[in-house]
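S.K.: Sequence:
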Amino acid sequence: MTLSDGTVLMPLAWFRNVEVELDGLRTIVTFEQSEWDRMGEVAPRRDDRLSVRTRYVLEPGVISRSDTIQAAAGVEIRHIDLDFASFSQAPALTSEGVLFGAGEVRSFVATGLSCIP
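Position in the sequence shown (first residue = 1) + 28 = this note's numbering.
Mixed in with the good hints, there may be bad ones.
With beta-carbon atoms standing in for the labels, derived distance ranges [stated by the list, open to error]:
#1 141 - 59: 15 to 25 angstroms
#2 34 - 86: 27 to 37 angstroms
#3 132 - 70: 33 to 43 angstroms
#4 53 - 132: 10 to 20 angstroms
#5 86 - 32: 27 to 37 angstroms
#6 33 - 131: 11 to 21 angstroms
#7 122 - 46: 30 to 40 angstroms
Just so you know, the hints here were simulated from the structure itself, not pulled from any lab data.
Glycine included, C-beta positions come from ideal geometry on N, C-alpha and C.
Work the whole structure out from these sequences, hints included.
M.R.: Shown next, in the form of structure tokens:
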């Protein structure tokens, strides 16, 4: 996440209120981060201008993630960067997302990336 002042923040540490819920073959993991890591530093540095509540739903063959990000008063987000790492190969960008021709991951879809004031 890049803020309007050029600061790049990533939610990599400082997890709180971690909860795990088991529901049959489905596992739901939620957690909060009231501070993000400021990138470009020698060591991790806390920055409390953004907070996030993350929810993972793990089901056979599917992992979904949703994030609700809150910016502190007066903080503007310039843009959102999304990275996805996989050992799957032969990616193809389609109207449905990224489809992989080989490997364990068959597809990656991102929806709902928007900034709501």
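S.K.: All the hints need checking, so say for each whether the structure fits it.
M.R.: Structure-based check of all given hints:
1. Hint check: residue 141 to residue 59, Cβ distance near 20 angstroms, so the stated range 15 to 25 angstroms holds.
2. Between residue 34 and residue 86 the Cβ separation comes to about 36 angstroms, which falls inside the hinted range of 27 to 37 angstroms.
3. Distance hint check for residue 132 and residue 70: the Cβ-Cβ separation is about 35 angstroms, which falls inside the suggested range of 33 to 43 angstroms.
4. The supplied range of 10 to 20 angstroms is met by residue 53 and residue 132, whose beta-carbon atoms lie about 18 angstroms from each other.
5. Distance hint check for residue 86 and residue 32: the Cβ-Cβ separation is about 35 angstroms, which falls inside the suggested range of 27 to 37 angstroms.
6. A beta carbon spacing of about 39 angstroms between residue 33 and residue 131 contradicts the range 11 to 21 angstroms that was offered as a hint.
7. Our hint of 30 to 40 angstroms for residue 122 and residue 46 holds, since their Cβ atoms are close to 35 angstroms apart.
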